[in-house]
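Asker: Okay, here's what each chain looks like letter by letter:
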Amino acid sequence: MSQQQYQVIRDFLCIKMPKEIDHHHAETISRRADQFICQEKVNNIIFDFEETDFMDSSGIGIIAGRYKKVQVFGGKIYVVNAGVQVKRILSLSGLQQYIIWMKKDRKKNAEGRSQVTWKREEN
Amino acid sequence: METRGKLKTENWMQLQFEARSENESLARLAVASFITPLNPTLEEMADVKTAVSEAVTNAILHGYEEESGVVYISCRLVGDLLEVEIEDKGKGIENIELAMEPLFTTKPDEDRSGMGFSFMEAFMDELEVESFPGQGTRIMMKKKLGTGGWFEV
Ligand SMILES: Nc1ncnc2c1ncn2[C@@H]1O[C@H](COP(=O)(O)OP(=O)(O)OP(=O)(O)O)[C@@H](O)[C@H]1O
Ligand SMILES: [Mg+2]
Chain A
45 MSQQQYQVIR DFLCIKMPKE IDHHHAETIS RRADQFICQE KVNNIIFDFE
95 ETDFMDSSGI GIIAGRYKKV QVFGGKIYVV NAGVQVKRIL SLSGLQQYII
145 WMKKDRKKNA EGRSQVTWKR EEN
Chain B
1278 METRGKLKTE NWMQLQFEAR SENESLARLA VASFITPLNP TLEEMADVKT
1328 AVSEAVTNAI LHGYEEESGV VYISCRLVGD LLEVEIEDKG KGIENIELAM
1378 EPLFTTKPDE DRSGMGFSFM EAFMDELEVE SFPGQGTRIM MKKKLGTGGW
1428 FEV
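Residue numbers (our numbering), protein chains in the order written: chain A, 45 to 167; chain B, 1278 to 1430.
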């Protein structure tokens, strides 16, 4: 997982969030994200929670902290594939209004290869 | 029969560990395993894990300010009621009421959001905070669990 945990596509940084997000894991994620924001000039951040089944207030800190940095340049925060636990934490924190929610769809295309598409999700 | 019944529905455990962030997941998992025999719902399990994680993180991050110290956890199950206490002998809280306000944090520059106490309050049925500056902090939480009830092992 670690080799592709951070991926830059144009001015988007996509972060694959770990299984558990607590204070222990949060510092590295924030630090790495900030490196990409400064050095690679990414504007938008996509947090992918597909593999996450636990998150506490440390996750709020990661997202809110990154939001403060990218919104200065008009950047946006996307959240993909958040499960119920993550969604509950995000909505209790009041952060959900600053987030664009996305859902990942895996489909097979005509040649039988699997294709991933991201769709906007209404909350 | 009476005593057997009583033994079955009362249980306790205590845990103490060095105040290191690596141990946060240990604390959550220990409490989660402790309540498993009650057959809690996934939501109740997540609630308890989140509340424990918040209190333990606070002990490590604010109580001991990431220096050496011991975090104490003590859990008790009486019937379907869980009581958890999380204690540190760290720096303590000057103004508990202010500390418990949503969004209040003394570490805004370290990506803390001031939501820890709000989550403990939201996810548990009862929350009590006892703290003395220079002596430490004790968090007491209660939650009624398990619409599933105890199951036979
Ligand atoms: N065990 C403790 N010892 C000393 N101070 C504490 C302790 N727990 C909480 N505090 C104080 O209370 C404040 C609020 O705690 P709370 O958990 O709500 O927010 P936070 O830890 O600052 O941020 P978050 O939990 O969202 O990451 C903390 O900033 C800290 O000043
Ligand atoms: Mg906290």
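It is worth saying that the hints were derived from the structure and are not from the lab.
Glycine is no exception: its CB is placed at the ideal position from the N, C-alpha and C atoms.
Accuracy of the hints is not assured; some may be wrong.
With a straight-line Cα cutoff of 20 Å, these simulated PhoX-like cross-link-like pairs (lysine-lysine) come out [unchecked claim]: (1) Lys112/A x Lys1384/B; (2) Lys85/A x Lys120/A; (3) Lys163/A x Lys120/A; (4) Lys163/A x Lys152/A; (5) Lys1384/B x Lys113/A; (6) Lys85/A x Lys63/A.
Beyond 12 Å from chain A on every Cβ pair, some chain B residues (computed) [stated by the list, open to error]: (7) Glu1301; (8) Glu1343; (9) Glu1360; (10) Ile1373; (11) Met1417.
Computed spacing ranges between beta-carbons, pair by pair [unchecked claim]: (12) Leu1375/B x Val128/A: 28 to 34 Å; (13) Glu1295/B x Arg76/A: 33 to 39 Å; (14) Gly1356/B x Trp162/A: 30 to 36 Å; (15) Arg76/A x Lys1419/B: 35 to 41 Å; (16) Trp162/A x Glu1295/B: 41 to 47 Å; (17) Thr1313/B x Glu84/A: 27 to 33 Å; (18) Glu1360/B x Arg76/A: 35 to 41 Å; (19) Leu1292/B x Gly118/A: 43 to 49 Å.
Asker: Could you run down the list of hints and mark each one as holding or not?
Answerer: Do the hints match the structure? See the list:
Between the alpha carbons of Lys112/A and Lys1384/B the distance comes to roughly 16 Å, so the proposed pair stays at or under 20 Å and holds. Between Lys85/A and Lys120/A the CA atoms are separated by roughly 13 Å; this keeps the pair inside 20 Å, and the hint holds. With a CA separation close to 16 Å, the supplied pair Lys163/A and Lys120/A stays within the 20 Å bound. About 16 Å separates the Cα atoms of Lys163/A and Lys152/A, which keeps this hinted pair within 20 Å; it holds.
Distance hint between Lys1384/B and Lys113/A is fulfilled; the C-alpha atoms sit about 17 Å from each other, no more than 20 Å. With a C-alpha separation of about 27 Å, the suggested pairing of Lys85/A with Lys63/A is violated against the 20 Å cut-off. At roughly 5 Å from the closest C-beta of chain A, the C-beta of Glu1301/B falls inside 12 Å, breaking its exclusion from the interface. Not every beta carbon of chain A lies more than 12 Å from that of Glu1343/B, the smallest distance being close to 10 Å; the non-interface claim is violated.
Even its closest Cβ contact with chain A, about 21 Å, leaves Glu1360/B beyond 12 Å, as expected for a residue assigned away from the interface. Even its closest Cβ contact with chain A, about 18 Å, leaves Ile1373/B beyond 12 Å, as expected for a residue assigned away from the interface. Every CB of chain A lies more than 12 Å from the CB of Met1417/B, the least distance being 19 Å, so the non-interface label holds. For the pair Leu1375/B and Val128/A, the beta carbons lie near 32 Å from each other, so the given range of 28 to 34 Å is met.
Glu1295/B and Arg76/A have their C-beta atoms about 26 Å apart, which leaves the hinted 33 to 39 Å range violated. Distance hint check for Gly1356/B and Trp162/A: the Cβ-Cβ separation is about 47 Å, which falls outside the suggested range of 30 to 36 Å. Hint check: Arg76/A to Lys1419/B, Cβ distance near 39 Å, so the stated range 35 to 41 Å holds. Taking the beta carbon of each, Trp162/A and Glu1295/B are about 42 Å apart, inside 41 to 47 Å as hinted.
Between Thr1313/B and Glu84/A the beta carbons are some 44 Å apart, a value that contradicts the proposed interval 27 to 33 Å. Taking the beta carbon of each, Glu1360/B and Arg76/A are about 39 Å apart, inside 35 to 41 Å as hinted. Between Leu1292/B and Gly118/A the Cβ separation comes to about 47 Å, which falls inside the hinted range of 43 to 49 Å.
This entry does not satisfy hints 6, 7, 8, 13, 14, 17, going by the numbered hints stated previously.
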